[in-house]
Amino acid sequence: MGHKEGAIECLIEIASVHVGAHQGPGRGAAAGLLCLTLLTASQAAADLVGYWSFEAGDASDGSAYGNDGTLVNGPIFTDDVPATIPSARSISFNGADNTGSYVQIPHADSLSFTGGMVTVSFWMKANAADPSPWLRAINKDNGGSHGFEIQRNDAGATAALRIDTATNNQSKAIGPAWNGAWNHIVFSLNNGMASAWLNGVRTVNNSAYFHTGGFDNTADLILGRSFQESAREYDGLMDDEAVWDTALNHGMALALYRPICGYDVTQMQTLFNVYTSGVPATIGELQWHAVSNLLLGEGQSFVWTNRNEYYLQLDAAGHGVASTNLATAAVDLVGYWTFDGEDASDLSGFGNDGTVESNVAFTNDTPTGTGRAAAFFGGSDTLAQIAVPNSQTLAVNDAMTLSFWVKMYTNTPSWTRFLRKSDESSARNGWLIDRDSSSFNIGIRYDTAGGGGTFNQNRLSSSGSEIDGTWHHVVIVAYDNGNGTTANGTTKKFVDGVLKLSQTYDHGTGFGNTSPLEFNNQGNFIGRLDEVALWYDALTDGMAIALYDPVLGFDQTQMRDLFNVFLTGQERMVGGRRWKPVSGLSLGEGQSAISGDNIYLQLDAAGNGVAVIISGTLFTLF
1 MGHKEGAIEC
11 LIEIASVHVG
21 AHQGPGRGAA
31 AGLLCLTLLT
41 ASQAAADLVG
51 YWSFEAGDAS
61 DGSAYGNDGT
71 LVNGPIFTDD
81 VPATIPSARS
91 ISFNGADNTG
101 SYVQIPHADS
111 LSFTGGMVTV
121 SFWMKANAAD
131 PSPWLRAINK
141 DNGGSHGFEI
151 QRNDAGATAA
161 LRIDTATNNQ
171 SKAIGPAWNG
181 AWNHIVFSLN
191 NGMASAWLNG
201 VRTVNNSAYF
211 HTGGFDNTAD
221 LILGRSFQES
231 AREYDGLMDD
241 EAVWDTALNH
251 GMALALYRPI
261 CGYDVTQMQT
271 LFNVYTSGVP
281 ATIGELQWHA
291 VSNLLLGEGQ
301 SFVWTNRNEY
311 YLQLDAAGHG
321 VASTNLATAA
331 VDLVGYWTFD
341 GEDASDLSGF
351 GNDGTVESNV
361 AFTNDTPTGT
371 GRAAAFFGGS
381 DTLAQIAVPN
391 SQTLAVNDAM
401 TLSFWVKMYT
411 NTPSWTRFLR
421 KSDESSARNG
431 WLIDRDSSSF
441 NIGIRYDTAG
451 GGGTFNQNRL
461 SSSGSEIDGT
471 WHHVVIVAYD
481 NGNGTTANGT
491 TKKFVDGVLK
501 LSQTYDHGTG
511 FGNTSPLEFN
521 NQGNFIGRLD
531 EVALWYDALT
541 DGMAIALYDP
551 VLGFDQTQMR
561 DLFNVFLTGQ
571 ERMVGGRRWK
581 PVSGLSLGEG
591 QSAISGDNIY
601 LQLDAAGNGV
611 AVIISGTLFT
621 LF
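Residue numbers (the numbering used here): 1 to 622.
One or more hints might be untrue.
So the derived label-pair ranges between C-beta atoms look like this [as the list claims (entries may be wrong)]:
hint : residue 1 : residue 2 : range
1    : Thr485    : Thr355    : 30 to 38 Å
2    : Gly284    : Thr454    : 38 to 46 Å
3    : Gly262    : Ser465    : 54 to 62 Å
Rather than coming from a laboratory, the hints here were simulated on the basis of the structure.
Using N, Cα and C, we set each Cβ at its ideal position, and we do this for glycine too.
Sequences are here, hints too, so could you generate the full structure?
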């Protein structure tokens, strides 16, 4: 059993709210999926019809439609750019009355918007000191009866969306964007409903406007002034102007504010197309595909740095896109609860902290005699529970590993669930660990749907004597034999470093759910729990065995790092020593040895593993 004072090196970088799932080369089991499935509902496609990044020092169109603009009266280009987008240049307009600089983009069929929908996204940095009212930053209007504009309604800081139709003109206040700072604005018009976003916040939410006659026209698109009126010149900078011929949804609009992976608008459009069509696409080294059941929030992204995987949610129902880098083999510890602080803090780096009810006790009765363990005293005590809220990283569906130390007394009632993550709806998808009937062994249950799998069908157990009032180390490994299909899965149970169970179960559509992870779900567990760890992957046999008696007394975070040295073939510092992958070991799976200054850990049956080699040459040991 490893000590609990080992340093934690967080491998995860969270960007914005920034989440693949893959099976890397050499992995013995399929990696756990975040319920990633293709969209089933048809989504409206968004077509980017104009994109002016100004990176080339001109007004060329980066979309596929060739809507190039002309520079008029000498706008200049500057390296003052927004911080959250991949930009090196912005365009600067001088704001001179009547002779001010602007960009004129000729009208084209693609800019007609006869379908009654349009979305415009852009960045602006307006001169707040300009005393002039009614300034126009963007204008596509035929003179007052049809079109749209972004304007300053008065001499204040508020930017407004003006919509002109055959009925009248209407103004929608967006927010304080005439303030001398970079501001991101998105607005959409959708057949009589207007929406707008300022710096990732929705400020106009489906506000009705008089749509009679529509806003389509044959006028040119103007950046930097009103084409019809004098003394309306914009004084300030502008960047990344983009126009779609449809109304983007809320998630897409938000995603443009802090683009995932630092993508430009054309790359974000590729992601939108993957989301709406379900057809995968490649951007650089990343392969993107449509997914569902994300838990991030609309327009939010998650970066799983250790895996080089990225997730972006694009609607309220949890649909979005995810990348998979198949060249990266890694495992991740997504929850690790030691109880040493007499709480349920997560030491994995993912922040999956739990809530401890009042009757949970903490004791120095631990497997190692150091630190603390969580103690439970039975009696259906519902106040003796620990609950960890669900999160994107805990939403394991196809592959996982659960490791823990348990001391369970024989008077614990049958079917006591001491670890559980399961949906209590009719589907009952999930998993639980319990005392199997009145036997003296620990049982496993996977509840699945589809492929014949149903609630309570996948109960698995082995003979043993794990429930005897002494400490035992248990590792549960589950993986899908069909890589996300309805083929049977396999589960393994290791007790005290020995494989006790290997059985198939009906995988169906997987055991993923959105329920919390619960310790002592029914309140009647009599015993102790310590060093509970949830892995987002099915560990190999060698890894599972190695957790029982960790090399150098390493904790779970350090063991994770050793496993990733083995899987990726990349050296790294762990526990103050440099570790490297090695072969030719003859220790046995999961076994370690120290020979002089050298330290070895074998992690598969073929003799491969990791080592610290300080002196001498590595030969086959023992």
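query = Can you name, in rising order, the numbers of the hints this structure does not satisfy?
reply = No hint contradicted; all consistent.
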